[in-house]
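Using my numbering, the first residue of the sequence shown is number 272, and each one after it goes up by one.
It is worth saying that the hints were derived from the structure and are not from the lab. There may be inaccurate statements among the hints.
[Said to hold, decoys possible] The calculated DSSO-like cross-link candidates involving lysine-lysine, where the alpha carbons are at most 30 angstroms apart (straight line), are:
#1 Lys-495 with Lys-419
#2 Lys-439 with Lys-400
#3 Lys-303 with Lys-403
#4 Lys-308 with Lys-488
#5 Lys-488 with Lys-303
#6 Lys-399 with Lys-411
#7 Lys-439 with Lys-307
#8 Lys-303 with Lys-322
#9 Lys-308 with Lys-430
#10 Lys-439 with Lys-403
#11 Lys-308 with Lys-439
#12 Lys-411 with Lys-495
#13 Lys-488 with Lys-307
#14 Lys-399 with Lys-322
Quantities reported herein were computed from a predicted structural model and do not represent experimental measurements.
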Amino acid sequence: MNRSRIAGIRLGDVVIDILVRQSERARNLSLKYDSKKDMAVLVLPRGISEKRGFAFVEQHQDWLLDQIRSLPERLSFQVGISIPYQGVDHVIRHDPDRRYGVRVTEGPGLAVAGPEEHLSRRLRDHLKKEAKARIVPLAKDYADQIGKTVGRISIRDQKTRWGSCSAKGDLSFNWRLIMAPPEVLDYVVAHEVAHLAQHNHSPAFWAVVEQIQPEMKRWRTWLKRHGNHLHRIG
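Please put together the full structure from these sequences, using the hints given.
Next comes the structure, spelled out in structure tokens:
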């Protein structure tokens, strides 16, 4: 039986979360850094203790720290920084003369109204609302194209995923998709809707995705290349 737990280890001045996984199938100690989960993953074969595993981590701490340093920095929403919106970089601006809302300005920019201390929350709420307005009708339209019915559609703050489809046909999507080019959002919606017909990743499933979005390979590649950066925004 495989078992896992999350532990913390200090390497120099940095404390790193490590998912320690005991595996019956693994033959060797292994260490990797999962940028999506923002943690290291240590796999222990049968008979290898955690103590020996952590010693292995310390032996490879320079490599592990290099992996972390090579990641894009996390970007919080604040005045003056640039974030992508529908695939185009927009500078965040504060609009103190207006009480409510977020508007697109020349530049281009995103002007957030209200007190500046609420800017981050208001912008995040706005982007979630925009994502929902784009995704919900699109998912229903794609489902109609393949003769399926969508269940509940939700927009969430998912740390490692772009979307999911439950056995009941409920769909969930990451609000950060609104930052990607529209075609990337289209691809992810097509991907999850296709699971209504094929709840797997078989050739038949990919055929359904391509039926909905013929250029899906191009935008799937874009997401693989740039998705980690989007996950680290907001």
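Each hint tested on the structure:
Annotation: proposed proximity of Lys-495 to Lys-419 holds, straight-line Cα distance about 28 angstroms (limit 30 angstroms). Using a Cα cut-off of 30 angstroms, the hinted pair Lys-439 and Lys-400 holds, with the two alpha carbons roughly 24 angstroms apart. Annotation: proposed proximity of Lys-303 to Lys-403 is violated, straight-line Cα distance about 35 angstroms (limit 30 angstroms). Under the criterion of a C-alpha separation no larger than 30 angstroms, the hint pairing Lys-308 with Lys-488 is consistent with the structure, at around 24 angstroms.
A hinted pair counts as satisfied when its Cα atoms are at most 30 angstroms apart, and Lys-488 with Lys-303 qualifies at roughly 27 angstroms. Restraint check for Lys-399 and Lys-411: the C-alpha separation of about 18 angstroms stays at or below 30 angstroms, so the hint holds. With a CA separation close to 26 angstroms, the supplied pair Lys-439 and Lys-307 stays within the 30 angstroms bound. Proximity of Lys-303 to Lys-322 is assessed by CA-CA distance (about 18 angstroms); at most 30 angstroms being required, the pair is judged to hold.
Between Lys-308 and Lys-430 the CA atoms are separated by roughly 7 angstroms; this keeps the pair inside 30 angstroms, and the hint holds. At most 30 angstroms may separate the alpha-carbon atoms for a hinted pair to count; Lys-439 and Lys-403 meet this at roughly 20 angstroms. Pair hint Lys-308 plus Lys-439 holds up; C-alpha atoms about 26 angstroms apart against a cutoff of 30 angstroms. The hinted pair formed by Lys-411 and Lys-495 meets the criterion: a straight-line CA distance of about 25 angstroms does not exceed 30 angstroms.
Distance check on the hinted pair: Lys-488 and Lys-307 sit about 21 angstroms apart at the alpha-carbon level, within 30 angstroms; holds. With a C-alpha separation of about 44 angstroms, the suggested pair Lys-399 and Lys-322 falls outside the 30 angstroms cut-off, and the hint is violated.
The structure shown violates the earlier hints numbered 3, 14.
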